[in-house]
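**Student:** Once you have looked at the hints, place chain B on chain A.
Protein chains: 2
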Amino acid sequence: MAGGDPSQPAIVLLSGGLDSATTLAIAQRDGFAPLCLAFDYGQRHKAELEAGARVAASFGAELRTVTLDPSCFRGSALTGGGAVPKDRPESAIASGIPDTYVPARNLVFLSMALGAGESIGARDIFIGVNAVDYSGYPDCRPEFISAFEETANLATRAGAQGESFRIHTPLLHLGKARIIQLGTELGVDYALTSSCYDPDAQGLACGRCDSCALRRKGFDEAGVIDPTRYAPGALA
Amino acid sequence: MAGGDPSQPAIVLLSGGLDSATTLAIAQRDGFAPLCLAFDYGQRHKAELEAGARVAASFGAELRTVTLDPSCFRGSALTGGGAVPKDRPESAIASGIPDTYVPARNLVFLSMALGAGESIGARDIFIGVNAVDYSGYPDCRPEFISAFEETANLATRAGAQGESFRIHTPLLHLGKARIIQLGTELGVDYALTSSCYDPDAQGLACGRCDSCALRRKGFDEAGVIDPTRYAPGALA
Chain A
1 MAGGDPSQPA IVLLSGGLDS ATTLAIAQRD GFAPLCLAFD YGQRHKAELE
51 AGARVAASFG AELRTVTLDP SCFRGSALTG GGAVPKDRPE SAIASGIPDT
101 YVPARNLVFL SMALGAGESI GARDIFIGVN AVDYSGYPDC RPEFISAFEE
151 TANLATRAGA QGESFRIHTP LLHLGKARII QLGTELGVDY ALTSSCYDPD
201 AQGLACGRCD SCALRRKGFD EAGVIDPTRY APGALA
Chain B
1 MAGGDPSQPA IVLLSGGLDS ATTLAIAQRD GFAPLCLAFD YGQRHKAELE
51 AGARVAASFG AELRTVTLDP SCFRGSALTG GGAVPKDRPE SAIASGIPDT
101 YVPARNLVFL SMALGAGESI GARDIFIGVN AVDYSGYPDC RPEFISAFEE
151 TANLATRAGA QGESFRIHTP LLHLGKARII QLGTELGVDY ALTSSCYDPD
201 AQGLACGRCD SCALRRKGFD EAGVIDPTRY APGALA
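So the sequence lines, in the order shown, correspond to chains A and B.
Going by the working numbering, 67 is the number at position 67 of the first sequence; the sequence numbering is gapless.
Going by the working numbering, 44 is the number at position 44 of the second sequence; the sequence numbering is gapless.
Hints are computed from structural coordinates only; laboratory data are not their basis.
It cannot be assumed that every hint is accurate.
Repeated chains share a single entry, so a pair holds when one copy, or any two copies, can fit it.
Said to hold, decoys possible - Simulated crosslink set (SDA-like; lysine to any residue; CA at most 25 Å straight-line):
no.: 1; residue 1: Lys86; residue 2: Thr169
no.: 2; residue 1: Lys86; residue 2: Gln161
no.: 3; residue 1: Lys217; residue 2: His173
no.: 4; residue 1: Lys46; residue 2: Pro70
no.: 5; residue 1: Lys46; residue 2: Ile120
Nothing here was measured: the structure is a model prediction, and the numbers come from that model.
One chain only, chain A, in its complex shape (with noise of 0.2 Å):
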């Protein structure tokens, strides 16, 4: 695919996940050239940060890997607090801020794109957050993008002198499914993204996270396939 226009640059966050790899092929739909920040930041799950490299070659779209120091994300079980939670049922994924919550992490992630988008002149930033499945995340809901952005626009240069930021989640509202439907219509090839908390060595996924349960159900109900490459005895 093209890297989009140039005169239109945007930052997108790319986790390497699903929804990400998604929202990139949708900047890329709506003619951003997409610069994409992937964070290492201590997370346990560090495959994302190889199927980010993937994801974002396929669009042939630049991917930029920022160092974060651990010490500021710790008490999360994907930075090592405590075990990733397994085999929850839904009911239980949808109520209260999951054990998975990494401190600040969307904050510090936008904060950063809105540095890295003043540096190139880049006023689109784009993340792939949602409400609807990971509503257990305080820095997933609508009202905490809505405060960032104006925060954005009164802590910037750019902001002070009228040129606005603007945060896009164009899956905020989306269902699993109909985000999996949306992205194989753009051609994002899911078998590159990484969306478990709890890989193994070789980055195979466990199926019983809460990120893989949601994944799983969300490619049924979409009726694609699912391509996740899961460890062995991972569905048992």
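**Tutor:** Chain B only, in chain A's frame:
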């Protein structure tokens, strides 16, 4: 000095300059046990990092130096994007956004502080921003701080659960001379600090950048002897 009450942990953003050293002193005076965060973001004035270490040690406070990817902070005179302005009259310093503005810097710093704070159970974050002498920086304005505090409480588990974060800006409305008088009363050794935007290889101040100019004037107006070590000939 004592490290403060461990039951009152706080994050203090410590650049190693005059303002942040005073802010640290205020946090300790108010009973907080500070964890100081310093950031290496590719700034040309690395002397401030050494100054931050000296200042933290002088207060017996813990210091964590966090490295941030410099690619997210380009286009500033402080990160190699052109020369640091020198010999500007006060009227010029006070008007417009200076070339030393760094994209989204305070937003990134505060966001990382929020992650660090939530990680260790701190809900109080101190930052030495000042809207009097540095009125040109958008991310030193009270409206930015207010918006950030609101966003922080939407972004985090603690905030969503009603444990609000507080952003403390004790210097926000103080002039430089008053800051120096206050810090002197609290035992700050300003000889340890470094404010210069363009120090020489030995860390000696240039005496001519905006930051040096405001600092020199502050000591003069405060009636406090300026302990800054200037480069040979800097004040000629």
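**Student:** The structure should be examined with respect to each hint, and the outcome stated for every one.
**Tutor:** Hint check results:
1. Lys86 - Thr169: Close neither inside one copy (28 Å) nor across copies (43 Å); limit 25 Å.
2. Lys86 - Gln161: Between copies, since 24 Å is at most 25 Å while 48 Å is not.
3. Lys217 - His173: within (17 Å within a copy, 54 Å between copies)
4. Lys46 - Pro70: Answer is both; intra-copy 13 Å and inter-copy 22 Å each pass.
5. Lys46 - Ile120: Between copies only: 24 Å across chains, 27 Å inside a chain, cut-off 25 Å.
Violated hint for the displayed structure: number 1, the only one.
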